[in-house]
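Participant: Both chains are given apart, each in its own frame, so use the hints to dock them into the complex.
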Amino acid sequence: TQLLEQSPQFLSIQEGENLTVYCNSSSVFSSLQWYRQEPGEGPVLLVTVVTGGEVKKLKRLTFQFGDARKDSSLHITAAQPGDTGLYLCAGIKGNEKLTFGTGTRLTIIP
Amino acid sequence: NAGVTQTPKFRILKIGQSMTLQCTQDMNHNYMYWYRQDPGMGLKLIYYSVGAGITDKGEVPNGYNVSRSTTEDFPLRLELAAPSQTSVYFCASSYMGQGYEQYFGPGTRLTVT
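So the sequence lines, in the order shown, correspond to chains A and B. Take any residue in the first sequence, count from 1 to its spot, add 59: that is its number in the working numbering. Take any residue in the second sequence, count from 1 to its spot, add 24: that is its number in the working numbering.
With the rest of the complex left out, here is chain B (with noise of 0.2 Å):
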């Protein structure tokens, strides 16, 4: 069972340059969730999916999308990167909604210059 998984660990991007973060789990959990952490700040939700086929906007959707095409898979793309998306970027999963336990990948770091 390797829970929640993220690709890559790092990246390094320039301004205007697009990509794709890679997030599967294998719990079957039908909640998932993307959050980036930027330093001192906490942890802010960019989208999130309630089950397949399903998403939504977090607090800070600008700039990403999503797709929720399995019930495994949620990656998140970032189109025409900027220097304010660099951050620690983070996905989770949950059985049920939010009030219940959130399991976490490891992250991905990226740096945007």
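Here chain A stands alone, though its shape is the one from the complex (with noise of 0.2 Å):
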């Protein structure tokens, strides 16, 4: 059973348009972590949001995090191809392990 559900799995839009992703689930976490994967790298941590309704930005990326801690979204406006990848959301409930979602992989097309 995979806690944490990411969606779109795959998305390719042109640059300049907004998107948004979807990070969901049954489960309320203590944190929830977003990660960015570029081909053949690992994983780079973009954000940790803790509290319900947080949100945080960094530059062109909006996180949010659900009032219920349950869900989150990334919200990224203008997209560039610097944004292409694989993003990640893991979350974390109190002492278990850090669980990750199966992916949003992301195409800007110039």
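Accuracy of the hints is not assured; some may be wrong.
As a list, the in silico BS3-like pairs of lysine-lysine whose alpha-carbon atoms are at most 30 Å apart [stated by the list, open to error]: (1) 81/B / 152/A; (2) 38/B / 152/A; (3) 81/B / 33/B; (4) 68/B / 152/A; (5) 81/B / 156/A.
Hints were generated in silico from the structure; no laboratory data involved.
Facilitator: Structure below.
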């Protein structure tokens, strides 16, 4: 059973467009992380959210943690080719292990 | 500061062979992890360690073994390789526990035929 479901699984859009990807669960998480992974490399942490309703911005990327701490979204404004990659969410509950979602593979077409 | 390094980058094994995937970090992190990444399946935790001499099983430990004799090194041993172990393996480390930022190595792509 996959605790964290990400959607869409694949997304291909034109440069300059906006997009949102989602990370959903039926479980409550104490914190949630977003990573970006480029081909041939390991994931790199983008942000950690810990409070229900929290919004964090990283340049053109906006991350939101759901009020009930069961879901999160990543919104990218004016996407650029450098945003291309696999986006992974990962949640942790209490003292349990970090659980990764299945990922959203994003391609930005110049 | 090299971060987390892994060797080899690629390896092909025959069924039944054994090998060790090496992982070293130079950030003096206490926590280290081994994950496998299968297509469309995200990252699954194989083993982790909270410090030298202490290791514990993750979600998918069968067919693997680890040791942690030093803070820096966390090798992953595959005994009797099977096609189901074909995957990309990532080592990671963090200063504190799993709720903190994990730093990943570049991965080892393993094929078992």
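Participant: Run every hint past the structure and note whether it holds.
Facilitator: Against the structure, the hints come out as follows:
For the hint linking residue 81/B to residue 152/A, the alpha-carbon distance of about 17 Å falls within 30 Å, and the restraint holds. Of the supplied pair hints, the one linking residue 38/B and residue 152/A is violated, its CA atoms being roughly 39 Å apart against a limit of 30 Å. For the proposed pair residue 81/B and residue 33/B, the alpha carbon gap of about 24 Å is at most 30 Å, so the pair holds. For the proposed pair residue 68/B and residue 152/A, the alpha carbon gap of about 16 Å is at most 30 Å, so the pair holds.
Restraint check: the Cα-Cα separation between residue 81/B and residue 156/A comes to about 10 Å, which is no more than 30 Å; the hinted pair holds.
Violated hints amount to a single one, hint 2; each of the other numbered hints is respected by the structure.
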